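With these hints in hand, go ahead and build the complete structure from the sequences.
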Amino acid sequence: DVKVTQSSRYLVKRTGEKVFLECVQDMDHENMFWYRQDPGLGLRLIYFSYDVKMKEKGDIPEGYSVSREKKERFSLILESASTNQTSMYLCASSFSWNRGYGYTFGSGTRLTVV
Amino acid sequence: AQSVTQLDSQVPVFEEAPVELRCNYSSSVSVYLFWYVQYPNQGLQLLLKYLSGSTLVESINGFEAEFNKSQTSFHLRKPSVHISDTAEYFCAVRPSGGSNYKLTFGKGTLLTVNP
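Same order as they appear, the protein sequences are chains G and W.
With the first letter of the first sequence counted as 1, position 83 gets the number 84 in this note's numbering; the numbers rise by one all the way through.
With the first letter of the second sequence counted as 1, position 96 gets the number 129 in this note's numbering; the numbers rise by one all the way through.
To be clear, the hints were calculated from the coordinates, so they are not data collected in a lab.
Warning: the hint list may mix true and false statements.
Stated by the list, open to error - Derived EDC-like pairs (lysine to aspartate or glutamate); straight-line CA-CA distance at most 20 angstroms:
1) LYS135(W) / GLU31(G)
2) LYS135(W) / ASP29(G)
3) LYS54(G) / GLU70(G)
4) LYS140(W) / ASP60(G)
Just so we're clear, the structure is a prediction, and the values are computed from it rather than from any experiment.
So this is what it looks like as structure tokens:
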């Protein structure tokens, strides 16, 4: 089975801290994605990467950055955490060539910024 | 561009009742269609998908969805639900070709099965 592993299930950080959320996949997927999920708003795409060192902004990139130095790892960085970034963060990965595959998701990181 | 509308944000039902979760989509190109399920405090898991062929697709736990091209719908159904089906369900579409390869998700439908 493809696995997408997010390093933390629950995280509590202070306002102004720099926060790193890590995601690792083990199936050699080209594409990786970061979403945030909030009640009533569904999934909103923050950033995605279609190859190593490549990244593109999603729908809500403000306040976030990403890093993809290796194919299997995609990191989401909150440069200066704020309370409005309290949310569930979901990482996903997929093949770029096999569109019928869909995405594989990690278990999520529930981040609370206090 | 694609868009997905899930017509109900919440669907409460009683155990053993039938349920239908509605999904409509809009796209100028051919798409693949997916249903994902999210149990509390977990990530999303693929429930079923339509790529081609028979318009009725089934999952291993008794859900089915029917692709209706003329109505641009992909509704999810189960004839008899269990308490354990309580979860949030997301409909999604992905272009089958072209330069846009991202999934577009609906906002989700929370299915609550009551005893």
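Just to be careful, I want the Cα atoms of LYS135(W) and ASP29(G) compared with a cutoff of 20 angstroms; is the pair within it?
holds, 17 angstroms
Hinted pair LYS135(W) and GLU31(G), Cα distance within 20 angstroms:
holds, 12 angstroms
Assess, step by step, whether the Cα of LYS54(G) is no farther than 20 angstroms from the Cα of GLU70(G), and give holds or violated.
holds, 6 angstroms
Between LYS140(W) and ASP60(G), is the straight-line Cα distance small enough, at 20 angstroms or below?
The hint holds at about 14 angstroms.
Consistency note: the structure conflicts with none of the earlier hints.
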